[in-house]
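**Q** Hey, can you work out the whole structure from these sequences and the hints?
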Amino acid sequence: MTIGCPECGALEDIPPLTARSYARCRTCHYPLERRSGRSLSAALACTTATFVLLFPANLAPLMSVHMLGAERSSFLSSGIVAIWNDGWVILALLLGMFGIVLPFVRFGGLLVVLGAVRLGCRARGIGALFRWMTWLDIWTMPDVYLVGCFVGYARVTQNLTGTIGPGGYCFIAAALLSMLTRASLDRRTVWRAIAAEKELPKGEASLSCQVCDMVEPISHEGLACPRCGLTLRARKTDAVVRAAALSLGALILTIPANFYAMTISTQLGRDQSHRIIDGVYQLFHLGLWQLGILIICTSIVIPVAKILGMAWFIASVWGRSRKHLRIKAHLYRWIDELGRWSYVDVFTIAAFVPLIHFDGMASAKPAIGATAFALVIFLTMAASRAFDPRLMWDVHMRRKP
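When we follow our numbering, the leftmost residue of the sequence shown carries the number 1, and every step to the right adds one.
Since the hints were derived computationally from the structure, they do not count as laboratory data.
Keep in mind that a hint or two might mislead.
As the list claims (entries may be wrong) - Label-pair ranges, simulated between beta-carbon atoms:
| id | residue 1 | residue 2 | range |
| --- | --- | --- | --- |
| 1 | Ala195 | Asn159 | 56 to 64 angstroms |
| 2 | Ile90 | Thr189 | 33 to 41 angstroms |
| 3 | Val241 | Pro61 | 43 to 51 angstroms |
| 4 | Asp394 | Asn159 | 51 to 59 angstroms |
| 5 | Ser321 | Cys297 | 23 to 31 angstroms |
| 6 | Asn159 | Trp289 | 17 to 25 angstroms |
| 7 | Ser73 | Gly125 | 54 to 62 angstroms |
| 8 | Thr231 | Ile164 | 43 to 51 angstroms |
As the structure is a prediction and not an experimental result, all values here were calculated from the model.
Note that beta-carbon positions come from the ideal geometry of N, C-alpha and C, so glycine has one too.
**A** Rendered as structure tokens:
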């Protein structure tokens, strides 16, 4: 079974694996296939449970707080609606898509794909559907939203009495099951069930699909992949230029994201603004140093590391560097995977804004820094998706006899 490594482009022959074994690329050490902890039945069960639980998680009350006899309850969408009503449309759209809309789309589509594979049904278009569900993986964030809710709830209940509603418990279960789905899904088995890999004659020039890693003759470039339907390209079109432009946009927006307020709170008629660093200081001051460290990592360390890492990758391609290729490959993998967790801070805003709304006494609303920060994370994620890590290895491949 020959596939193309998605990280370095090398062709690899994977033998049948046992239940606890895995296969790595011999060139870049990318994990091509892992059987340990992977199960089609478990992934189907977790996907089904997640999709079902998303309905009560969105329709039932998420959490409530009490202040001087007054009570405020929120739903999963309450903060996003409040952000929209305050005029922060871009922020509301990003959070609504990643936290509410895309989880329904992805787990609904994944349920269809896994159900069809489990029943042995090879319906037309199932490969294209799984391609889209694979692409939506990093953009679907119930787990990130859950952490944001925990941070927001912890901040609110330092001064107010709070309770978690039935929707909150359903959302906790759905978010945890979504993480189990990602961990148990054996993508390679699903792709092989849709269409098996094929052997190409030795020495024939070839290319591999950017999504399902199917190997095809180089003469098929520009045609649709027979398994997932993606247009076959030897490398992503204008990958370096697009990644550089998106990274530059993210770098410019880091200035307002860090120096302007993320939220503005009002207490007894007095306004107080909070930047990212102010929120971290508040968490440490309240004794929630674990959450403070989490916000430092997700809101400061990871975004900066992503921009610097992407600059290194782009410079490596432009300079045709052969140095530290495996280190850069591992760093790219971490950047691409961990970038989504930087949305914890903005999801925290969506969690506590609707709860702090006591007329005349206390209220909270987002500020311009929140939108700038959300766009920084979006652009860095888009940059890593636009970049093609195989370009860094092309010099190494051409050097080999």
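**Q** Look at each hint and say if it fits the structure.
**A** Results for each hint:
{"no.": "1", "hint": "Ala195 <-> Asn159: 56 to 64 angstroms", "verdict": "holds, 58 angstroms"}
{"no.": "2", "hint": "Ile90 <-> Thr189: 33 to 41 angstroms", "verdict": "holds, 39 angstroms"}
{"no.": "3", "hint": "Val241 <-> Pro61: 43 to 51 angstroms", "verdict": "holds, 48 angstroms"}
{"no.": "4", "hint": "Asp394 <-> Asn159: 51 to 59 angstroms", "verdict": "holds, 57 angstroms"}
{"no.": "5", "hint": "Ser321 <-> Cys297: 23 to 31 angstroms", "verdict": "holds, 29 angstroms"}
{"no.": "6", "hint": "Asn159 <-> Trp289: 17 to 25 angstroms", "verdict": "holds, 18 angstroms"}
{"no.": "7", "hint": "Ser73 <-> Gly125: 54 to 62 angstroms", "verdict": "violated, 42 angstroms"}
{"no.": "8", "hint": "Thr231 <-> Ile164: 43 to 51 angstroms", "verdict": "holds, 47 angstroms"}
Taken one by one, the earlier hints fail for this structure only at number 7.
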